[in-house]
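Chains as they are written, first to last, in our numbering: chain A, 1 to 569; chain L, 1001 to 1331; chain B, 2001 to 2366.
Hints are computed from structural coordinates only; laboratory data are not their basis. Given the structure is predicted, the values throughout are model-derived calculations rather than measurements. Each hint should be verified, as a subset may be incorrect.
Said to hold, decoys possible - Below, simulated DSBU-like cross-link-like pairs (lysine-lysine); rule was C-alpha separation at most 35 Å, straight line:
| id | chain 1 | residue 1 | chain 2 | residue 2 |
| --- | --- | --- | --- | --- |
| 1 | B | Lys2247 | A | Lys278 |
| 2 | A | Lys278 | A | Lys409 |
| 3 | A | Lys361 | B | Lys2093 |
| 4 | A | Lys399 | A | Lys278 |
| 5 | A | Lys390 | B | Lys2077 |
| 6 | A | Lys361 | A | Lys146 |
To be verified - DEER-style ranges, computed between Cβ atoms:
| id | chain 1 | residue 1 | chain 2 | residue 2 | range |
| --- | --- | --- | --- | --- | --- |
| 7 | B | Ala2089 | L | Gly1129 | 54 to 62 Å |
| 8 | B | Gln2106 | L | Arg1114 | 37 to 45 Å |
| 9 | A | Ala342 | L | Ala1307 | 53 to 61 Å |
| 10 | B | Leu2080 | A | Asn43 | 39 to 47 Å |
| 11 | B | Gly2029 | L | Gly1047 | 42 to 50 Å |
| 12 | L | Ser1027 | B | Gly2029 | 19 to 27 Å |
| 13 | A | Ser171 | L | Asp1149 | 29 to 37 Å |
| 14 | L | Ala1092 | A | Arg561 | 29 to 37 Å |
| 15 | A | Arg455 | B | Gln2116 | 51 to 59 Å |
We put the CB at the ideal spot given by N, CA and C, even for glycine.
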Amino acid sequence: MWLRISSTLRQLPLWQLVFLALFALIVVLTAIGPDLAPYSTINACPSDRLVPPSAAHWLGTDDNGIDILSRLLAAPRTDVVIAVIATAISVLLGSPLGVVIALLESRRRGGSTVVAEIAMRLLEVIQAFPVFVFAMVLVAVFGGTKVNIIAAIAFVNTPVFVRLVRSDVLSLVQRPFAEAARAVGNSEWRVGFRHILPNAIPTILVQLSVTIGFAILLTAGLSFVGAGVKPPTPELGSMIASGAKFLIIGQWWPAVFPGIALGLIVFSFGVFGEVMTKFMEPRAIRSATWRTGMTTETDDAPVIGIVAPTTNAILAVRDLEVTPRQPGASPLLSGVSFSLGAGERMAIVGESGAGKSVLVKAVLGLLPAQLQVNSGQVRYGEVDLLNLDKSKLRSLRSKHIAATLANAKSQLHPLTTVGGTFAAALAAHQKVSAPEARRRSIELLRMVGMNDPERRLEAYPHELSGGMAQRVCIALALMYRPRLLIADEPTAGLDVTVQRQVLDLMEKLAREAGTAQLIVTSDLGIAAHYCDKVAVMQAGRVIEINETRAFFDAPVHPYSRQLLDSVRL
Amino acid sequence: MFGWNTATIGVIMTVLLEVRNLTKVFSLGPGADLVAVRNASLTVDRGETLGLVGESGSGKTTLGRCILRLIEPTDGSVFLSGNKITGLKGKALRDLRSRMQLVFQDPFASLNPRLTVAQTLREPLMLHGFDRSQRKARTAEILRQVGLDQSMFDCYPLDLTASEQQRVGIARALVTRPELVVLDEPTSMLDPSARADLLALLQRIQRETGTAYVFISHDLTSVARISHRIAIMYLGHIIEQAPTELIMGRQHHPYSRALLSAVLFADPRRAPSPYVIEGEIPTAINPKTECPLYGRCPIREDACGEAVPPMIEIRPEHLSACRRWDYVDAA
Amino acid sequence: MSTQLDVAASRVLRRVRLAHALRLPRYIGRRILFLVPQVLLISFITFALVRLLPGDPARFQLGPLAPEEAVEALRRKLHLDLSIPQQYAIWLKHTLSGDFGTSWSQGTDVGEDLLQRIPVTLELIFLSLLVVFIVLVPLAIVTASLSRNWAVWALRNVTFGYGMLAGALPDFLLALLLIFIFYTNLNLLPGPEGRLGILDTAPPFVTGSILIDATIAGDWSTFWSGAWHLVMPVFTLAFVYGAPVFKMLRSQMEIALDAEYTTYGEALGLAPRTILARAARVAAGSTVVIVGTVIMFLLGGDVLVESVFNMSGLGQYAVQAIVTADYAPIQAFVCFAAIFTMLVYLAVDLVHFAMDPRIKVVGSPT
């Protein structure tokens, strides 16, 4: 427990720590603030009216002669206590209600959904009341005691939590662990409260800190218009109100100091909320290296197999090293070298975490911001890709070097139709009219074996099956008959029969257009039948490269042997 | 009774699960019915593994869930050890859960990220009335059985590798000593090496405890390794059912043949056979009354498009839903 | 020729498919149907609550010195002796025929008051939203990218501070501070004297909005006076209530820019501007939902800002009415605000639904 607290704290930027300390201070003040006040907080002292900040009164006095610093030390108690209790009530009432409504809704049975819908409409009614005015009316009707203010704020905030929890539960209830909880024998309600609600807690916490801040502001606002906490109780909003008239004529201290205090308090709560969320995230206790499955002894032995560069290589990679930007982090790729000639197809195999996708991104120049190429060379023909100017690199893309990345459906922009994506891809490199773009798109879709291409153009990515989406991506890659095609897991998630069709298509490409292909896959079957060379990666290094037949007949590196043994029947 | 001999009685004793004419239809709105499973019948013997193979949209996942009553079948019945379980409700249904369990596809997502391994394993025992000392003993025992170290009791799912997480999922399924475990694509999200280990583990557990499995997967090679019998599904129909060696040797349905020929072995010398079905699986919404493969079948004839072909017993234990089952090789 | 026909046909087909599959008209009809009982419920709750406000309106109207019988007579005239449901029925009848009652503290007809004051509030809210869209939205989009451009980097830091600050500062405080700095000290902007200065004359009433009416009347000096008086209130509202929009848009942009389709877009060779625009479209979805909430906040926060700046808008009207237990204005304000809120929610749900083809049922979380 303490380990988690200290590790969370260590990760925080300095300013957050400062405000966290301020938060702690505020909590202390809430408890003992009034006792720390040097002067009385409520006894008027007319002779000392509106004294500017001075040695005797550090923050000056207000129009009743009361020391502002003293009142400021006492005021947090009022505001914070009201806000915290009100918010706590909202959470404790709203969250279970949200769970109940969500569970009723997900039953998908007539009666329950009607009840849920009525509940939601009632909530809308409550939320439709303008918050501030509603709170004012409630307070005016039932009296301005602290209890009533708390009730009013709790009432207006409860729907927020109901909605939030309902939305969270609705999405969590579809996750496998919720189904598993049912499969194990939990009743529906136990699943909701014992399993799902605890997982909604992080969302609740974030909202909690926001709501407390809002509640503090609401309390202050209510008091500001005279509908909240009544004087002489020290409260920040009413202090600002009584100071307002003097602010305009130049006596700024009765209003500004409480204002600053108010802002700081709300802000600290916000920071506390963010820190709590970070703390509550389920995090690994052990470090990442523990988690790789197979043996990870990497040695510095030289790569086994063909390393010598092919003459006239389309793609030549030399000693590529990629590391995260933070200093001292271990490299994700090191010493990677290989080359690819025209029409050659090479498979990059390895287990997850070996660095295959990082390699693809590095070659394409698409590394995420937190990674960088430390050293090495990537050449496309004679062109040095790593040091190429951005716009030149962009013009190479798609026309010369095309790529399909893993998981075709999420590659396509969710709000653009297939036709729209084609048009955008075409327009990026040349001017085409809309009918012309459409004609070419249909032609490309037909080429990749999609039936009814005209209709497919109108489809959105989520309406396509995995196989169709992958074919769309391949069609996009073929648009300009590239000389190099990089495919990251082109068949992952596809049905076996569709897999074969996609692979056969790629093979046809290589034969007819002489496209060199770099195929990343964890399926050795694909390597065996669709590739001329195989490169094995482990922990960021290429440990063996060989021609396919030679590799499968006699793998040299022990890891390669391990890999092959595990897939042989 | 008349007509029953000892052989029949023996068979009845060994049948653990029987599914009869199970159908599941999802209503997507007026006039749009998704027939996920249609008229499926199968049996699983005690201590054996039935492999349920199919591609996406075949209905295998839905069938698995219907067997466990996690989804309610629209029609048909399921029997466990001769008792009809499709009518049960409420507490009786929840008690049933100690006898049949499920292992999920996504190892991480199937575990509650906020519960430790110990809490996850204890919960089924608590729900089914085991007392504290029984729980302690049983959770320790099952953890050992799945090959995990006792130190993992206090780990959270995020601390474990995918393979370890899946072992916990298996342990959770086995902790109440169920008679049947349905495994829904348990290895598809694991790396090939972890896959092999997990299959070996499952086989070992079956030998030790006699639990029956329904192993659902799209990967024919994994299924063949672990199953005694295989049932192949397409578009909600079971189209062929036979002991593993028979199906792997020679198929009697065009789809089975296509499925097997589509497999790429990790051996360049075993060239993939050229016989592959073109196109994609059609929609299961408002299907026509015809053979489900009709649109894509290379050996279809007119009669195939007029009615759903019935399951024919080609030889004992080998069923096929193709009228032209003996012409499958000829294509 | 044929391709044009194809394109047109498929567009119509898509719209028809959309409307059919999503049963849009039926859905809107259902929501509006629900609206009626919801509004009735709101008005009844308000009515009941307001009737519980302390203070005797009859006594209040006639003053402390009036004789008891006169107060009784007035009470009877105002139906205050009937039960609450009965009073409500009378009120409903009046309201549905357009009579919103009379304000006791002002002696004015509430309907006319509303007509004068609603445009003021709407003008404030509209201008604030305009500022949010013109300034904050582009800022959020641009600062979301991790480009190494130094200008972007500087803006990122500044707006980071803004996001933090704006959430913590109460609107009335900001208003006061602005007045203190720009009026009291620098004398650059007019003080909290309302929509126009003491010496200005209001333009003839057409829409109720100072800016529009002054333009229509060609009265440019009034126009500018009105504009200067609006600077601080609009800035306050935009600054404070634009923050949630800003934060949501930026975080959604960051998520979108991090997504796989952005990387793929780069792989296709799309220009950086195209990629930013595509990401913005995805980010816009959740932002629209937040905008709806913010409009609600604006209606609420506007109340305080109007009071501080004396803008004679609806919010200030409501606050005064509560403090003086003036039933009719409160009732009218709450009903108006509530209906406005529900319509905004409905509009937001519909816009979100139209923007995102993945949503199948309007109003469901994606």
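Checklist entry - Hint by hint, which ones does this structure get wrong, listed from lowest number up? => result 3, 4, 5, 6, 8, 11 and 14
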